[in-house]
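Model the full structure from these sequences, guided by the hints.
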Amino acid sequence: MSKEINTMNQSPDAPDRARRMILKGAAVCGVAGLGLADLPFLLQQAQAADAKGWPTEAFKQKSEADVLKALYGKSAAASDKIDVDAPEIAENGAVVPIAVSSSLPKVTAMAVLVLNNPNTLAAAYRIPEGTEAMMANRLKMGKTSKVVAVVESDGKLYTASKEVKVTVGGCGG
Amino acid sequence: MSTIRVRAVASGGKTEVQSLIQHPMDTGLVKNKSTGKPIPAHYIEVLDFEHGGKTVFTALWGPAVSKNPYVKFVFKGGKKGDDLKINWVDNLGKSDSLVTKIR
Numbered sequence: 000m001s002k003e004i005n006t007m008n009q010s011p012d013a014p015d016r017a018r019r020m021i022l023k024g025a026a027v028c029g030v031a032g033l034g035l036a037d038l039p040f041l042l043q044q045a046q047a048a049d050a051k052g053w054p055t056e057a058f059k060q061k062s063e064a065d066v067l068k069a070l071y072g073k074s075a076a077a078s079d080k081i082d083v084d085a086p087e088i089a090e091n092g093a094v095v096p097i098a099v100s101s102s103l104p105k106v107t108a109m110a111v112l113v114l115n116n117p118n119t120l121a122a123a124y125r126i127p128e129g130t131e132a133m134m135a136n137r138l139k140m141g142k143t144s145k146v147v148a149v150v151e152s153d154g155k156l157y158t159a160s161k162e163v164k165v166t167v168g169g170c171g172g
Numbered sequence: 000m001s002t003i004r005v006r007a008v009a010s011g012g013k014t015e016v017q018s019l020i021q022h023p024m025d026t027g028l029v030k031n032k033s034t035g036k037p038i039p040a041h042y043i044e045v046l047d048f049e050h051g052g053k054t055v056f057t058a059l060w061g062p063a064v065s066k067n068p069y070v071k072f073v074f075k076g077g078k079k080g081d082d083l084k085i086n087w088v089d090n091l092g093k094s095d096s097l098v099t100k101i102r
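Just so you know, the protein sequences line up as chains A and B, in that order. Going by numbering that gives the first Met the number 0, 123 is the number at position 124 of the first sequence; the sequence numbering is gapless. Going by numbering that gives the first Met the number 0, 28 is the number at position 29 of the second sequence; the sequence numbering is gapless.
Derived from the structure by calculation, the hints contain no laboratory data. Note that beta-carbon positions come from the ideal geometry of N, C-alpha and C, so glycine has one too. Hints are not guaranteed to be accurate.
From the derived model, a few chain A residues whose C-beta atoms are all more than 10 Å from chain B [said to hold, decoys possible]: (1) A75; (2) A76; (3) D153; (4) T158; (5) K164; (6) T166.
Simulated DEER-style distance windows between Cβ atoms [as the list claims (entries may be wrong)]: (7) B:P23 with A:T55: 43 to 51 Å; (8) A:P104 with B:K32: 47 to 55 Å; (9) A:V167 with B:T54: 30 to 38 Å.
Structure, rendered in structure tokens:
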């Protein structure tokens, strides 16, 4: 009996220490956003709460279709009424100027997707009534990629895209 | 000093807004070269512009937006001397805001 209690007191010690180390490691990696996909619950604990109204799920997606589904709950059709202004060759992937404008009616939202980035969605915009269907921003591109502009017009989604060649990647390292 | 720099100019019944924000926009995927430790993700998530008690533009950003982000948009209305309020919140819960006059 006493022997059994002894082993119970000793054996949990080592695994417990190991567990603490794993938790500590996961906290660091979680904040850094490194993809420990097999420890999703630990990642969630390590991250601060996202800002109100920020589409957390959409920013995690890895494909155009998944981003559109997470962000707007629908798929898109190609449109020639969207103008994507981006350089053909970006010498510095850390700062790629991209502007989107559209002549589509009743535009309520816009988004820019960089298909070859680690996460597809780069930026999304809400366009209230009275604000024009145009915006300009600067994005990071890890490598040469198709850039997709999404416009929500009268409740429907439309896209247009442009290939941007990146000579020096913008994800550091 | 505020992290927000903004220029809003009214002309022809419209206001053009250009804004630059001082922010690292760290992706979390980059390692500090001297220590080898990853630099934690730190980026603006929501940036709002308000005029006359109404939101005129909302940016929802991820870490792929460049460091010291820039954004430009145009809204109908707004005149010289009107207030334009700008507010941002990042993934660590930090925030900043600024009220500027439309020129």
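- Take a quick look at A75 (chain A) and tell me if its Cβ sits farther than 10 Å from every Cβ on chain B, holds or violated. Check passes; 18 Å lies beyond 10 Å.
- Item | Check on D153 (chain A) being off the interface with chain B, judged by Cβ distance over 10 Å | Fine: 18 Å to the nearest Cβ keeps D153 (chain A) off the interface.
- Holds or violated: is the Cβ of K164 (chain A) farther than 10 Å from all Cβ atoms of chain B? Check passes; 17 Å lies beyond 10 Å.
- Verdict for V167 (chain A), T54 (chain B) (Cβ pair) under range 30 to 38 Å: Cβ of V167 (chain A) to Cβ of T54 (chain B): about 37 Å, so the range 30 to 38 Å holds.
- Hey, does T166 (chain A) actually stay past 10 Å from chain B on C-beta? Label holds. Min Cβ-Cβ 16 Å, cutoff 10 Å.
- Message: Range first: 47 to 55 Å. Now tell me if the beta carbons of P104 (chain A) and K32 (chain B) are that far apart.
- Response: 50 Å, holds
- chain B versus T158 (chain A) - minimum CB to CB distance exceeding 10 Å, so not interface: Non-interface label stands for T158 (chain A): nearest chain B Cβ at 18 Å, farther than 10 Å.
- Going by Cβ atoms, does A76 (chain A) stay more than 10 Å from chain B at every point? The claim holds: A76 (chain A) sits with its nearest Cβ about 23 Å from chain B, beyond 10 Å.
- Within 43 to 51 Å or not, the Cβ separation of P23 (chain B) and T55 (chain A)? 20 Å, violated
Taken one by one, the earlier hints fail for this structure only at number 7.
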